[in-house]
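Undergrad: Listed here are the chains, written in short residue letters.
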Amino acid sequence: DQQVKQNSPSLSVQEGRISILNCDYTNSMFDYFLWYKKYPAEGPTFLISISSIKDKNEDGRFTVFLNKSAKHLSLHIVPSQPGDSAVYFCAASGLYNQGGKLIFGQGTELSVKP
Amino acid sequence: DVKVTQSSRYLVKRTGEKVFLECVQDMDHENMFWYRQDPGLGLRLIYFSYDVKMKEKGDIPEGYSVSREKKERFSLILESASTNQTSMYLCASSLLRTEAFFGQGTRLTVV
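Read top to bottom, the protein sequences are chains C and V.
With the working numbering applied, the first sequence corresponds to residues 33 to 146, in that order.
With the working numbering applied, the second sequence corresponds to residues 2 to 112, in that order.
Excised from the complex, chain C in its bound form (with noise of 0.2 Å):
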């Protein structure tokens, strides 16, 4: 059972426009989320994070919106450039029936064209 969905594989964008990543969530538990890049043969990085008191997170470029009635994260970037082209998994845990555990999404590939 996937607690945790990206349900878009990949998405494309123009250089200088949007980009919105997608995430939806089945255990009502969450309440730590977190969004991680990652470039083929590399490790994950993070990238930002929100807790379920917020239910916005802003670092630069990147925003995350939390919307927990709908159990829907997104993460918006902008604007988009070249070097964003990477997979994006988003991530939960909850302290209470999770203790640490970080459970990760499938990830959307983003492609950012000049």
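A couple of the hints might just be wrong.
Label-pair ranges, simulated between beta-carbon atoms [claimed, not checked]:
| id | chain 1 | residue 1 | chain 2 | residue 2 | range |
| --- | --- | --- | --- | --- | --- |
| 1 | C | A102 | V | E23 | 21 to 31 Å |
| 2 | C | G48 | V | R15 | 32 to 42 Å |
| 3 | C | D91 | V | P62 | 28 to 38 Å |
With a straight-line Cα cutoff of 30 Å, these simulated DSSO-like cross-link-like pairs (lysine-lysine) come out [as the list claims (entries may be wrong)]:
| id | chain 1 | residue 1 | chain 2 | residue 2 |
| --- | --- | --- | --- | --- |
| 4 | C | K145 | C | K88 |
| 5 | C | K37 | V | K4 |
| 6 | C | K103 | V | K56 |
It should be emphasised that the hints constitute simulated quantities derived from the structure, not laboratory data.
Beta carbons are placed, not taken as given, at the ideal position from N, Cα and C, and that holds for glycine.
We have chain C already, so just place chain V on it with the hints.
TA: Below, chain V without anything else, positioned relative to chain C:
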């Protein structure tokens, strides 16, 4: 800077071999994780350890075991390697309730 080091970038092993993947972190993190990454399936949790000698099964523990004798080291063991265990293996570590830091990954091929 946090450093998570996996012992090998690439490994080729034969079916039936016992395989050890080693991971070391240098930041005194309580949590350590082993994931495998396969196309279309994302990162799937194999095992998780929240303290020395403590472990929990993840979503796909079958065919794997782990060892954490020291806080900084978390080993993944493939008891009898099979071709369906060909994958990218990723180790990570974290403090409780913070982001996890990943190693560079080990591309394992079982022939």
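Undergrad: Compare the structure with each hint and give your call.
TA: Hint check:
1. C:A102 <-> V:E23: 21 to 31 Å: violated (41 Å)
2. C:G48 <-> V:R15: 32 to 42 Å: violated (50 Å)
3. C:D91 <-> V:P62: 28 to 38 Å: Taking Cβ atoms as reference, C:D91 and V:P62 lie about 34 Å apart, which means the hint holds.
4. C:K145 <-> C:K88: Answer holds: C:K145 to C:K88 is near 27 Å, not above 30 Å.
5. C:K37 <-> V:K4: holds (29 Å)
6. C:K103 <-> V:K56: holds (29 Å)
Checked against the numbered hints above, the structure violates hints 1 and 2; every other hint is satisfied.
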